[in-house]
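Produce the entire structure from the sequences given, and follow the hints as far as they go.
Which chain is which? The protein sequence lines are A and B, in order. Position 41 of the first sequence, counting from 1, maps to 40 under numbering that gives the first Met the number 0, and the rest follow consecutively. Position 109 of the second sequence, counting from 1, maps to 108 under numbering that gives the first Met the number 0, and the rest follow consecutively.
To be clear, the hints were calculated from the coordinates, so they are not data collected in a lab. Every residue, glycine too, gets a C-beta built ideally from N, C-alpha and C. Any given hint could be a false lead.
[As the list claims (entries may be wrong)] Partial chain B-side listing against chain A, Cβ under 10 Å, derived:
| id | residue |
| --- | --- |
| 1 | LYS7 |
| 2 | GLY9 |
| 3 | LEU13 |
| 4 | ILE16 |
| 5 | GLN17 |
| 6 | VAL18 |
| 7 | ASP47 |
| 8 | THR49 |
| 9 | ILE53 |
| 10 | ALA84 |
| 11 | ALA86 |
| 12 | ILE87 |
[Stated by the list, open to error] With the Cβ distance kept under 7 Å, some of the chain A side facing chain B (calculated, not the full set):
| id | residue |
| --- | --- |
| 13 | ILE8 |
| 14 | THR49 |
| 15 | ALA50 |
Listed below, chain by chain, are the residues.
Protein chains: 2
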Amino acid sequence: MERVPILKIGDILLVSIQVDMSDETAVALQEDLAERIVATGCHGVIIDITALDIVDSFVGRMLSTIASISRVLDAETVVVGMRPAVAITLVELGLSLNGIRTALNVERGMELIAIDRADDDHHEEWDDGPVAGATASP
Amino acid sequence: MERVPILKIGDILLVSIQVDMSDETAVALQEDLAERIVATGCHGVIIDITALDIVDSFVGRMLSTIASISRVLDAETVVVGMRPAVAITLVELGLSLNGIRTALNVERGMELIAIDRADDDHHEEWDDGPVAGATASP
Numbered sequence: 000m001e002r003v004p005i006l007k008i009g010d011i012l013l014v015s016i017q018v019d020m021s022d023e024t025a026v027a028l029q030e031d032l033a034e035r036i037v038a039t040g041c042h043g044v045i046i047d048i049t050a051l052d053i054v055d056s057f058v059g060r061m062l063s064t065i066a067s068i069s070r071v072l073d074a075e076t077v078v079v080g081m082r083p084a085v086a087i088t089l090v091e092l093g094l095s096l097n098g099i100r101t102a103l104n105v106e107r108g109m110e111l112i113a114i115d116r117a118d119d120d121h122h123e124e125w126d127d128g129p130v131a132g133a134t135a136s137p
Numbered sequence: 000m001e002r003v004p005i006l007k008i009g010d011i012l013l014v015s016i017q018v019d020m021s022d023e024t025a026v027a028l029q030e031d032l033a034e035r036i037v038a039t040g041c042h043g044v045i046i047d048i049t050a051l052d053i054v055d056s057f058v059g060r061m062l063s064t065i066a067s068i069s070r071v072l073d074a075e076t077v078v079v080g081m082r083p084a085v086a087i088t089l090v091e092l093g094l095s096l097n098g099i100r101t102a103l104n105v106e107r108g109m110e111l112i113a114i115d116r117a118d119d120d121h122h123e124e125w126d127d128g129p130v131a132g133a134t135a136s137p
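The following block contains the structure:
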């Protein structure tokens, strides 16, 4: 079975999907990624799909699952590099990629994650403060 | 034909080789990479071979060619993610990967390129100095 490599770059794990995903490969990727997030403490996962000609419901579900797993491990997932034709097909197939954030390329994905982390830090600061404690109550 | 995606991250182009390279794929990658180096002005190329179980003479030659092409386009190439077994096989096969620099992972590859650029800048400063100016005039 082929394993998709996971590259660590700073606070981000980068996955470039280039092979046709089988059930096995998808499960292995999810497990590997979860382990790497825990081991490295990274807060962002970028999945590059430049090489994919089509994103069908199977791949769409895999991306959603990865995003959900990452989220509970306190990491944000961004899918990057989607081709225009893939986007069109996705919409035609009625697939919405629920809960998945996208960006045009790796660099913008990194920016998105950095902005998110900055926002989170900001909220955390507020949460610790007396005022935000009150607004968070309702 | 499959094309290997090239990801731009800052001043670096990142290529993760996961598919078996055919003649066509290798030539396409060399062309794509040369075009991207010129288009982006990037000074570093990182080739990740984590996914490769074996580096034979064909892949070795391809890596050397990419490094040579990049060099004439003023970009440094670093091969990262080589598995221990691959390194052992390379030596057993008598392949030396001439002119190719290696690093353990993407982050160290990036550091290597950053250090090289810093060194180059330093030399360029010297070249611009009054002494070097005399040598540049003819």
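Evaluation of the provided hints:
1. LYS7: Since chain A brings a Cβ to about 6 Å from LYS7/B, closer than 10 Å, the hint holds.
2. GLY9: holds (7 Å)
3. LEU13: holds (8 Å)
4. ILE16: The hint holds - ILE16/B has a Cβ within 10 Å of chain A, the shortest such distance being about 9 Å.
5. GLN17: Since the shortest Cβ distance to chain A is 5 Å, the answer is holds.
6. VAL18: holds (6 Å)
7. ASP47: Because about 6 Å separates ASP47/B from the closest Cβ in chain A, which is inside the 10 Å limit, the hint holds.
8. THR49: It holds, given that the least Cβ distance between THR49/B and chain A is near 4 Å, below 10 Å.
9. ILE53: Interface hint status for ILE53/B: violated (14 Å vs cutoff 10 Å).
10. ALA84: With a minimum Cβ separation of about 14 Å from chain A (threshold 10 Å), the hint on ALA84/B is violated.
11. ALA86: This interface hint is violated because 17 Å lies over the 10 Å limit.
12. ILE87: violated (20 Å)
13. ILE8: holds (6 Å)
14. THR49: Constraint on THR49/A satisfied, holds at 4 Å.
15. ALA50: Holds, because the Cβ-Cβ distance from ALA50/A to chain B comes to roughly 5 Å (cut-off 7 Å).
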